Each structure stands twice: as C-alpha cells, then as structure tokens.
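In the order they appear, the protein sequences are chains A and B.
Residue numbers for the first sequence follow my numbering, so the first one is 5 and each next one is one higher.
Residue numbers for the second sequence follow my numbering, so the first one is 342 and each next one is one higher.
These aren't lab readings, by the way, just hints derived from the structure by calculation.
Since we're looking at a predicted model, the values are computed, not measured.
Warning: the hint list may mix true and false statements.
[Stated by the list, open to error] Below, a list of computed lysine-lysine pairs in the PhoX-like style, where the Cα atoms sit at most 20 Å apart: (1) 286/A with 270/A; (2) 756/B with 164/A; (3) 602/B with 163/A; (4) 369/A with 293/A; (5) 602/B with 756/B; (6) 595/B with 756/B; (7) 437/B with 602/B; (8) 163/A with 595/B; (9) 437/B with 55/A; (10) 756/B with 73/A; (11) 163/A with 756/B; (12) 164/A with 602/B.
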Amino acid sequence: MSRKNSKETLYSVLILLPSIILVAIFVYGFIGNTIYSSMTDWKGMSATPVKNFIGLDNYKSLFTSFMNKGFRQDLVNTVFYTVFLLAGTLIVGLLLAILLDRPIKHEGIYRTIFLYPMSLSFIVSGTVWRWLLAPSGGLNAIPTWFGKNQGTFQWISSKKQIWSFNWQNVLQVLSVLVALLFVVFLISAIASQDKKGIKKNIIVIAALLVFAFLIEPLFPAGLSDEEMHGFNLATLGILFAGTWQYSGYAMALYLAGLRGLSGSIKESAKLDGANEFVYYWKIAIPNLKPITMSAVVIMAHISLKMFDLIYAMAGTDNEFTGHPSVRMYTTTFRANKLALGSAMAVILFLFAAMFIIPYMVHSHKERVQ
Amino acid sequence: MKKCFALAGIAMMAMGMTFAQGAQEASMASSADANKLVLDGMAPSGDLEIFSWWAGDEGPALAAMVADYEGKNPDVNLINATVTGGSGVNAKAVLKTRMLNNDPPESFQVHAGQELIGTWVDSNRMYDLTPIFEDQGWMDAFPSDLIDLIGTDDGIWSVPVCVHKSNVAWYIPANLKKWGVTVPTTLDEFFMVADKLQAQGIIPLSMGQTWTATENWENVALATLGPDDYNNLWNGKLAWTDPKVVKIWENFGKLLMYTNKDSSSLSWQQATDMVVNGQAAFNWHGDWAAGYMMTTLGLEPGTGFGWANTPGTDGVFQFLSDSFGIPLGCKNLDAAISWVEECGSKSGQDAFNPLKGSIAARTDTDLSLYSAYSQSAAKDFANDVIVGSLAHGVVANEGFMNDFSSVIEQFMSSKDANQAAAACAEIAASNGMN
Chain A
5 MSRKNSKETL
15 YSVLILLPSI
25 ILVAIFVYGF
35 IGNTIYSSMT
45 DWKGMSATPV
55 KNFIGLDNYK
65 SLFTSFMNKG
75 FRQDLVNTVF
85 YTVFLLAGTL
95 IVGLLLAILL
105 DRPIKHEGIY
115 RTIFLYPMSL
125 SFIVSGTVWR
135 WLLAPSGGLN
145 AIPTWFGKNQ
155 GTFQWISSKK
165 QIWSFNWQNV
175 LQVLSVLVAL
185 LFVVFLISAI
195 ASQDKKGIKK
205 NIIVIAALLV
215 FAFLIEPLFP
225 AGLSDEEMHG
235 FNLATLGILF
245 AGTWQYSGYA
255 MALYLAGLRG
265 LSGSIKESAK
275 LDGANEFVYY
285 WKIAIPNLKP
295 ITMSAVVIMA
305 HISLKMFDLI
315 YAMAGTDNEF
325 TGHPSVRMYT
335 TTFRANKLAL
345 GSAMAVILFL
355 FAAMFIIPYM
365 VHSHKERVQ
Chain B
342 MKKCFALAGI
352 AMMAMGMTFA
362 QGAQEASMAS
372 SADANKLVLD
382 GMAPSGDLEI
392 FSWWAGDEGP
402 ALAAMVADYE
412 GKNPDVNLIN
422 ATVTGGSGVN
432 AKAVLKTRML
442 NNDPPESFQV
452 HAGQELIGTW
462 VDSNRMYDLT
472 PIFEDQGWMD
482 AFPSDLIDLI
492 GTDDGIWSVP
502 VCVHKSNVAW
512 YIPANLKKWG
522 VTVPTTLDEF
532 FMVADKLQAQ
542 GIIPLSMGQT
552 WTATENWENV
562 ALATLGPDDY
572 NNLWNGKLAW
582 TDPKVVKIWE
592 NFGKLLMYTN
602 KDSSSLSWQQ
612 ATDMVVNGQA
622 AFNWHGDWAA
632 GYMMTTLGLE
642 PGTGFGWANT
652 PGTDGVFQFL
662 SDSFGIPLGC
672 KNLDAAISWV
682 EECGSKSGQD
692 AFNPLKGSIA
702 ARTDTDLSLY
712 SAYSQSAAKD
722 FANDVIVGSL
732 AHGVVANEGF
742 MNDFSSVIEQ
752 FMSSKDANQA
762 AAACAEIAAS
772 NGMN
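If we strip away everything but chain B, and leave its shape as in the complex, we get (with noise of 0.2 Å):
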C-alpha cells in the first residue's frame, strides 16, 4: 500500500515536469529582437480586441473613443473586452493567464510606469512603441517627465491615453469656514489645523480601505522628500532605511491619528461622502473624487467643493496614467498599431478625457470641453515638476506595490516607523528594485 503511494507520487512529480518543460518549449519560439515594430503604413482590416477594465462609469467614455476610431477605420471589426472591478484588479489577473496561455489580445490597457515594465516589458512581451511615438510626432506632444517615467532605456511601451492627479486635498470650503480653519500648505501646518478641527470633534482627514492609504503615504513621502528626493528614492539613489525615509512612516504615523478608525472597510467614495457630510474636513485622493462629486453628488467645483494640492506638494503633480500597450504574438499587428494611434491622438484624448474626468496626456488638447476641475488640473500638468504615484503602478513593480500593501497594514497597527522602514528596503530588494 506504502509503495503504492509513492509510486504515484513520484509519477505525479514526473508528470508535473514534462507539462513544464513542454511549456517551456513551446514558448522559445519569441525571440530576442521580436519587438522591434516596423510600420507599414498598411490600412488596418479585420478582428481588434482591445482588453481593458473600462467598464460601468468609465464605459460611456471608452465608448466614445471606440466611436472616433470607427470612423477613422471602417474596415476593422473592433471586438471591446472589458473586465470589470476598480483599478483592473481582476482584469489584471485575466490578462495574465491569457498571456501565459499565449493568446494575447491586440491591444490591452496598464498603468503606465514600472507596473508595465516590472510585469511585461522586463519579461520580453512588449512591442516597443518609439516608432510610433516619432512618426506621430507624440514626443512633443507629451510632456517629457511624462515620456522618461513611462519609457526605459531600451523604449516607450505604452501610449498614455488619460492622466490623473493623486496629490489632491478636496474639501468643503463653506465647511471650513465655519470650523475657522484654511486650507495648510505644509504638512507642519496641516497637523496644526488638524488639532484645532479634531478639538471641534471633526475628524481631520478621511481615510478608506488599504489603496487609499497607500495614496495617502505617498502624498507624505513627497511632502517629506521633495520631489527630487522621492525619484531617488524610486531610482535607488536613496535608501529605504535613510533617516530621511524612516521619518516618511513618521509622519505617516502622525497623519494616521487624525483619520478616522473604520477606514479600512470605507470604499474611496465613503470617504469622500465623509467630508461632503461634514464629519470630515479633508479627503486626500486621486481626482477622480472630482468626477464623483461633479456627476454622483451634484456639486459645482470651486463653490460646492474645493481643492488644493496635499499639504507640502505646491508644485509638484504627482500623476499616473491608463495606456495601451501591444504585446507580442498579438495576431493583427496593422489594427493594433491603428489603435494605439487612436489613443494618442488628439481627437481620441478629447473624445475620452472628458467624460472620464480626467485630462489629456497631451499638453495641446481643447481645454474648452473640459470642467473648470479638470482645467485646473490641465494647467498643473502642463507648468509642474511631475513624478509618478506608488499606489497606481508608476515608480514600482508589482511584486513591490502588492508586499507594501502588507506593510501599511502592518504598520497601522504596530506605528513602527523603523520596522516598517526596514520591511521595505527587504521587500525593495526581493522584488529587484535597484
């Protein structure tokens, strides 16, 4: 009986590795060079699947882009495959298993930045879209932050259809002039402020579940660093366990007194609701909070919502981008690249944007479609230094941003500013970020 067991187990075993090498072999087929693209000028025609998460309220806008894509290209049978669940989370992981069973689509969206590079280009799927990005004349088009912090040395991998602000403060300016406060610059100022608010019996800042934490940390790591310090921090020029870093958990730490205590089972639009009830003063978040309170709450930016940058960020937009990338061993190469076109183009950016309520990634789009939020934004984008947020992908891998998550966790129960210090540089390191 004994025998038996391990007999079938070591055949098991056996089994198991001639399903990996086969795989193996069957994949060394993509070469090395594979993903020089050469463009044909050929008119596009037949299927293009294009893969995104762009569904429920971000529909209608994708729609429109799909519609100005149609009428530029009659002849392609446009096939929309959209996963649903915010920021991609299961559209993420559907992606991944048609990739490893090598039947990619067309053309699939990614936030711009190391989550691509971590996940698609270190792993030699991706066409590079330089080509593309010349023969457009995009890399003027777009601001060249922009183009160093989504490219690597080897290429551009992705066209940036929309971008967003992460370091925005969004109040009610009726709110805080009742409870005699103003809107605090520095970090050191907003601590202050929020000692006289929670006196008052208002919770300072709003917090939601562990993403907008993560948003809210990198808020105060480029109020901590600055911006020049926090690229070094995400090019490895300055080190996880520097004093300089440690008091980013510090202040963290400090920030994590004045939220509310049931964050962690708040949707980001609870949190927003906190401030627009009035139990709140602040929310930190990414500016699609705008589009909620302009579309789903009925506010008028300016008089029924205000906005600042987070304290100690004057100058600085912190961004992250939704794009379309092209992977290798896609099937109509011609419509693939027609599409990402699309998505650079002015006209398809302004077909978008708007209704999405985020702005272009070109600096030269009809500023006039836009909401006054949105313009404001617009302008931010074109003037300010601009460097990339953690929570959405764009200065760190995927492996990195899923083990920080743990480590937020951790840290909001243990406020250990050195322990979590120390966590990141090792998780920094097991995920190869320099």
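The shape of chain A in the complex, shown without the other chains (with noise of 0.2 Å):
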C-alpha cells in the first residue's frame, strides 16, 4: 500500500469514527440492551431495578400462557395490517400514477391533492377518520342522502372475527402460508421456463407441506385450550385510513418511475400493435420492479408503526384492533412490566429485520453486479 492510500484511509477512518461510536452506542447499544432487558424480570418503578436473568421465559409466556392472548391477535393482526396496507396502498398508487401518467391539463394539482394526506400526522388524520368512521355519522350517514337507511357497519368497534383460526396450529397455517408464495413463485418459474427454479420450488413446497401435516401434528400441544385468532373486522377502518393517507405516496414513487421510463419504450410498443393495457401490464409494471421493491419495504415498516393511527382512532384499550407496538406501550409505561415489554420491542424489531435484510442483501448484490 503506498503512503498516499494508507493516510487516506486514515483520515477516511477518523472521519467515519464519531458516527460508527454514536451508532454503536444509541443504536447497537440501547438494542442490546433491550434484549438483555427482554430476558429478566424487571419489573416497576424502582430507582434500584432487580433484573435476575431467566432466559427466554417472557418470549415462552408471550407465545403460550393464557394472559398474553392479546398479544397473539396483535401479531396476527400485525400481519393483516402489513399485506392489506400494502396491497390497498400499491395498487391505489399505480392506478392513481396511471392515471396521471397520461397528458392531462393541471396534473400538478392532483398530484398534490394525491399526495397531500401523507403530510399529516398519524395523529390528524386518524382523529378525522375516527369522526368520519362513528357508527352513528360520517360514512354511515352517507345511505340517508339518497333515502336509504343509515349504515350500521362498525368500522372501530365491531367485535367480529373472520378467517379465525386455532393459534395451537399456527405452524402448520404459517407453513401452508409459505408453502402459497412459493407456489406463486413455481407458476413464474414455469412461465418464465427455468428448469432449475422450477426443480428447487417444488422442493421447499414439498418440505413445507411434509412438514405441515405429517411432522407438525407430532409436536405436543402448547395451549390448553382452543384459542381463535383471525381477522378482526374493526380493523377495517384503520386500513381504510392507513391506505388514504399512503396511497398518494405511492403513486408519487411509480410516478417517478413511469417517467423514468424512456419514451422510445412506450412508443415502440405502440408499434407493434400493444393498446395501453399491454403496454402497462407487460411492459411498465415489469420495469418497474424496483420501485415496487422499494415501496413494499417502506410501506411494510410503515405498517409497523401505526401506533399513533390506532392510538388515534381507537385508543389503548380496544382488543380488536390492537398491534404489538400499542401493547408494548400500556405493558411498559402503565403497567410497569418493562422486561415483557422489551420482549415484545424485540419482536416487533424482528418484525421490521424480516422485511429490511432482505431488501438490503438484494440491494446490495444488485450494487456488486
């Protein structure tokens, strides 16, 4: 290494150092101390805590004992909010972006009513959505214009459950749910006729599938009792104002995109005879890959921290439309139990790692190419 490379370095070093020792120390550090929280029993206020280590016991009771059954609809209600926001949001925004894509007078002002919603806080809106969505006025109201009778659907408040299964099965139903997305990529694999994707698909289908109805009935049963969980229709309505709110963000980013794309493409596509749906469906929505990419990693950690729209809309203490991060916040700051607590942050964290590690490692090899 020559003289000039090594200062260099060592000034790229010293540069780099105070942001690496800050991270390491407000991030990484506060991180590990969660989890090392996570596995005590702090318990209270006391100026002098006693944290005596008992390993994984808050995780075993968060998945199992009988008091923390809110929890579990939590989680499962974490995973519905997750794949309705960003359904609901993505396919909003690629229409919405479609539309805009196209050469018509004042675009700049629906682009910003579009995107407008996304510059309020979780807490504004969710407080109008909770009027708009009161059992006895806002939308409900709206059959009453056209003499029809007021609507009773309780967008916050109903207690129904559908799609309700029994969270003692709850590894054969994630297994089956895996063992879908992988048939969805097999029928790609056939499509597109890699022989080695196809081969390596119907492997993990077939794992999973062995795994869930012959080795998974082995296992002893967690619960003592039947315990259903599904989808909570009172969700509805925090849905409905989570995708208000996002959807202009992501017509904003396809937008982006759709603009991206050089007009030679559209054109020549034109040519050989493609109406406007082919051209978006075979040939846009594939370019835009990355952008969708991107957006499904944003709106999936979005979907993460609800908390002020559910705090907002349907306050701490409503069962149905609860999230783990909610829970975390009355089981730590009003209950006083900060190491269960901390359990459920470090979920919630592995949560949010399931959805930015993949999207980084992809990103990152996409750089290296």
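Combine the two chains into a complex, taking the hints into account.
Here's what the structure looks like:
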C-alpha cells in the first residue's frame, strides 16, 4: 500500500469514527440493552431495579400463556395490517400514477391533492377518520342522502372476526401460507421456463407440506385451550385510513418510475400494436420492479409503525384493533412490566428486520453486479 | 461473514449489560431510610416544579390554587409542568421516564391509593408525609376511611386535593316521567326497568369506551358484593373465583345486554350526550359528568338533570381522588412541602374544587361555594361508607388495572363469567395483589 493511500485510509477512518461510535452506542448498544432487558424479570419503577436473568421465559409467556392471548391477536393483526396496507396502497397508488401519467391538464394540482394526506401526521388523520367512521355519522350517514337507511357497520368497534384459526395450529397455518407463496414463485418459474427454478420451488413446497401435515401434528400441544385468532373486522377502519394516507406516496414513487421509462419504449410498444393495457401490464409494471421493491419495504415498515394511527382512532384498550406497539407501550409505561415490554419490542424489531434485511441483501447484490 | 454477525451480536449484548450495570450502580445512592421527612419550618424559596395533567378544562382550577399558593409564598418561583390527556394517560408515561432518569419534579399529581402505592411507594421513591398530616391537623380534617385507603402501614404517601364519586347514575327527570319509570335502587329493579325501557326502543344504559366500562363494572361489583366484601376482594380476603365474584361477571354480562352496541367508539361525553338527547335513559359515570352537563351543556342540576347512587349502592360513596406527593430526590424539599401543605389547606381546596366540579377531600369546607350537585356529594362523603374505585387507581395497582382492561374487553365479546373470573385470579396473582 502506498503512503498516500494509507494516509487516506487513516483520514476516512477518523472521519467515520464519531458516527460509528455514536451509532454503536445509541443504536446497537440500546438494541442490545433491550434484548438483555427482555431476558430479565425487570418490573416496577424502582430506583434500584432488580433484574434477574430468566432466559427466554418472557417470550415463552408471550406465545403460550393465557394472560398474553391479546398479544398473539396483535401479532395476527400485524400480519393483516401489513398485507392489506401493502396491497391497498400499491394498487391504488399504481392506478393513480397511471391516470396521471397521461397528458392531462393541471397534473400538478392532482399530484398535490393525492400526495397531501401524507404530509399530515397519523394523529391528525386518525382523529379525522375516527369522526368519519363513527357508528352514527360520517360514512355510515351517506346512504341517508339517497333516502336509504343509515349504515350500521361498526368500522372501529366491530367485534366480529373472520378467517379464524386455532393458535395451536399456527405453525401449520404459517407453513401452508409460505408454501402458497412458493406456488406463486413456481408459476412464474414455469412461465419463464427456468428449469432449475421449477425444481427448487417444488422441493421447497413439498418440504413445507410434509412439515405441515406429517411432522407438525406430532408436536405436543402448547396451549391447554382452543384459542381462535383471525382477521378482526374492526381493523378495516384503520386500514381504510392508512391506505388513504399512503396511497399518494406510492403514487409519487410509481409516477417517478413511469416518467423514468424512456418514451421510445412506449412508442415502439405502440408500433408493435400493444394497447394501453398491454403496455402497462407487460412492459411498464415489470420495468417498475425496483420501485415496487422499495415501496414494499417502506409500506411494510410503516405498517409496523401504526402506533399513532391506532392510538388516535381506537385508543389503547380496544382489543380488536390492537397492535404489538400499542401493547408494548401500555405494558411498559402503564403496567410497569418493563421486561415483558422489552420482549415485545424485540419481536417487533425482528418483524422489521424480516422486511429490511432481505431488501438490503438484495440491493447490495445489485450494487456488486 | 457469519462469524462477523455472531461477534457483533455478542458485542451488542455485552454493551447492553454494561449499560444496565452502570444504571444500577448510579442509583444505589438512595438508601432505605431516606423517606423520613423532617419539618424544619424554613420559609421556602427557589424553583418549585409541579407536574400534573390538569390542562384544558381543569387548567383554571389549578391556576386558582396556584394563585392562592403564590400569595402565601412570594419567594417561590412556581413552574407549572402539565402534560395534557384525560386521566393522565400521557402524563404518567412522561413522569415515568423522568423518574427512571432520576429527574423528578418537586411534586407530582397522582391518583391516590394503590396506583400511587403500587408504582411509586413499593419502589421506594416517595416521602412519607405523615409528619405533615400530624403537623397540619389533617388526621381530623380528612375522613379516616380516606386516610386508610391512601396510606399503608408504613405511612401516608400523598395529599388528596379533590374527591370524585364514581357510583352515580345520571338521568333526565322529565324523560323518565315520559317513559313511565322511576329510578331503580337495586340491580334487580334496574333490570326490570331496563326491560320496560327496551320495549319502548330506549337504550336503558349508555356506555363509552373501555375505562368507562370498567367504571360500570366496579359499580356492579359494589352492588353485588356490598361494601365489606368489595373491600375484601381488594385486600385478598375474598378469592376472585368465589361464586360471589363470578356473580359480578354474570350481572355485568346481563347489564351489557342493556347498553348501546357502539360503546367502544364513544367518549364518555358522547355517552352522557345519549342520555341528554333522550336516546338512553341512564348513564353511570363519575361525577365530572355533572360539570360537563352544567358548564358545557348548560343544564340546571336537579331539574335539567337528576342523579342517584347506582342501583344497589345506597349509603356507599365510591371515591377516587387526585393527590400530590413528594418524590425522593426532589431538589427543593422546603418548597415541595409548602406546596403539598397548600394542596391540603382549606383555602387551597376551596379555590380549586368549585372550579373543577369536584368536592374537597376535607370535610370542613365552605359548602356555599359549591354547586347543588357538589353540595349533595359533599354531604354523602361526610356520612356514607367510603370505598375506593378500581378504574381510577384507588384499590388496585397499575399492572392489575392494565391487565383488567384486557379482561373486560375479552369478556365483552365472550360473555364467559367463569373464564373472566379465572383470568382475574391470574392477573391478581401475577401483579402481586395478595
């Protein structure tokens, strides 16, 4: 290594050092502290807290004890919040982007209108939507304008649940769902005649199904009672508000992507006789894959940060719209169970990592290529 | 690569543990005997930070008491730190982070009783205020039932400023007459009246979101058990799985059949509005509802709206109280003492309570300052048996209260009395309630 080079290395290390140290302490150190706290029995507000190391007992209690039944429903809610918020914002956002992609007058005004909700905080939009979705006003009152009876759906306070499953079978349900995901991959592999891909996907699907229906039933039961969890209809109101707020953002992402496609692609597609639908379905959307990827990651992590929206719309005690972050807050700062609250925080952290790490690995790979 | 991750993980854990150790050592300073208060009679001066959630509607009441205090203590610079949010939902979380960081205010507002004791006294963070109570002659000025409920064997931990009653049924007299019903005095009578009302398309009882449901649960519990067994439930002499306690859940389940279906999305004001609009016949709620109906809705107490004890609780006053305590480690102890002395004084309480719509915790206040409703509540407070409220932290610690709201939410959809009773036994045990 030449002298100049080593000097440059030294400078870059010196410049990076402060931020490395700060990140190490304030991000990773604190994450580490939370993980450590989650394995203790820390409780109460004492100035001299007693923290005995108890291993994974808090986690065991979260996933199996009768007392923490609500937390498990919160986890199921999180999955539905994530899936529906993703689907809702991406589809609505893409449609809006395609509409604005055409040569229309006053495009800037529409763009601002659609993007505007994003500039509001969840607390503001949540309060407004709580009024709009009130059982006896807002949306439910619309039918009365046409002389019909008032709507009776309880957007935030419904106690109905659909797609219920017994928590006892959660592993089975999960592996079937993952298998379904791989079926989608398999179909796309068949479509692109990727022989290696077909083989790989078939093996994964077979393994998952064997686990779900042959191995899983051999496990001993973790719960004493049947415990049903599923999709709570009360979350619809919250999903509605979240989709309203973030569709504009997905639109902005997609619109930038569509504008980035060179005009010649569209023209040559038209020359080849592709109509609008074929152009978007076969050419534009596949080309927007990187945008979809980042949109998925952004929306997924927003769905993990819905605390303020739920807090404003349903409060902290509505068991039917619950979210792990809300329960973490009440467990830690209301019930003073700091260790259990830490365990919930760690689980939320892992949820977030589940989306972000694959994305980072993927983008890292692309950069290397 | 994998090794790298493993190493980073271990380093993270190690750092986490080091932090935890450091925090422990730093806070070892406070010793066990430190909560004994010595009154030196020094004139207070310097900064006094008082922490409360009395903003908004309650702001003027606090301002009146502060003005009274500043007249008596001109040398103190009072800093009024309020965090908004009904019932202190946000303030309590802010206070906890401040206390965990060893940055306590001189004095803070807290619900008197187990909410204070379970959170701050058990963790040895409060001064014992018994010397002040004796010095000021408060042992006689406050009802002894009250002092028992806000203290422990080791001391008295806060000074109650105001008292509210939570077992009140609100109604509109003219509406009841129109519907041909009278105010029921027992639960059975209530259910009979409720059938009659439901037949006319009237909702018998309006209910709001979860914490107001907890209030109604405690009213039913008091009616089902009577005051003695109600107290036994909280001091551990009556088991949660006792048939008498299961009966509370059965009665509560029956009560729910007579309430509005959209309760969980209504605020307590909206639930009160249902009675005022004539959609519902009764609302059982704490007596700040009187302030709302008098001040905001402009109704005349007695004629515009009426009140009675919730069915089956005649002769009992289910109370809750806001109070001020002094945390260990407060920087200006003389000023803190002078502030809690103000909180318990006759002039302070008479400045504060008429504006807030509550009654004074002392029994020797000037009743002519108060509204017609408050005068009747003050009379009950002086004569009735006093028991504590669950929803507002008198009888149970915060851990139990938090878990109880989950139990009650689950009960609202399952209606399974035995399961709810078993769940309560479990959360009582896990939250260290005898």
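Consistency of the hints with the structure:
Only pairs whose Cα atoms come within 20 Å are accepted, and residue 286/A paired with residue 270/A is accepted, the gap being roughly 11 Å. Taken as a hint, the residue 756/B and residue 164/A pair is honoured in the structure, with Cα atoms around 14 Å apart against an allowance of 20 Å. The straight-line distance between the Cα atoms of residue 602/B and residue 163/A is roughly 10 Å, inside the 20 Å bound, and the hint therefore holds. Of the supplied pair hints, the one linking residue 369/A and residue 293/A holds, its CA atoms being roughly 15 Å apart against a limit of 20 Å.
Note on residue 602/B and residue 756/B: the hinted pairing holds, with a Cα-Cα distance of about 14 Å set against a maximum of 20 Å. The straight-line distance between the Cα atoms of residue 595/B and residue 756/B is roughly 9 Å, inside the 20 Å bound, and the hint therefore holds. For a cut-off of 20 Å, the pair hint linking residue 437/B to residue 602/B is broken: about 36 Å separates their Cα positions. In summary, the hint linking residue 163/A to residue 595/B is supported, as the alpha carbons are separated by about 18 Å, within the 20 Å threshold.
Between residue 437/B and residue 55/A, the direct Cα distance comes to roughly 18 Å. Compliance with the 20 Å bound is thereby established for this hinted pair. Restraint check for residue 756/B and residue 73/A: the C-alpha separation of about 16 Å stays at or below 20 Å, so the hint holds. For the given pair, residue 163/A sits about 12 Å from residue 756/B by alpha-carbon distance, which is consistent with the 20 Å threshold. With a CA separation close to 12 Å, the supplied pair residue 164/A and residue 602/B stays within the 20 Å bound.
In the structure shown, a violation is registered for the earlier hint numbered 7 alone.
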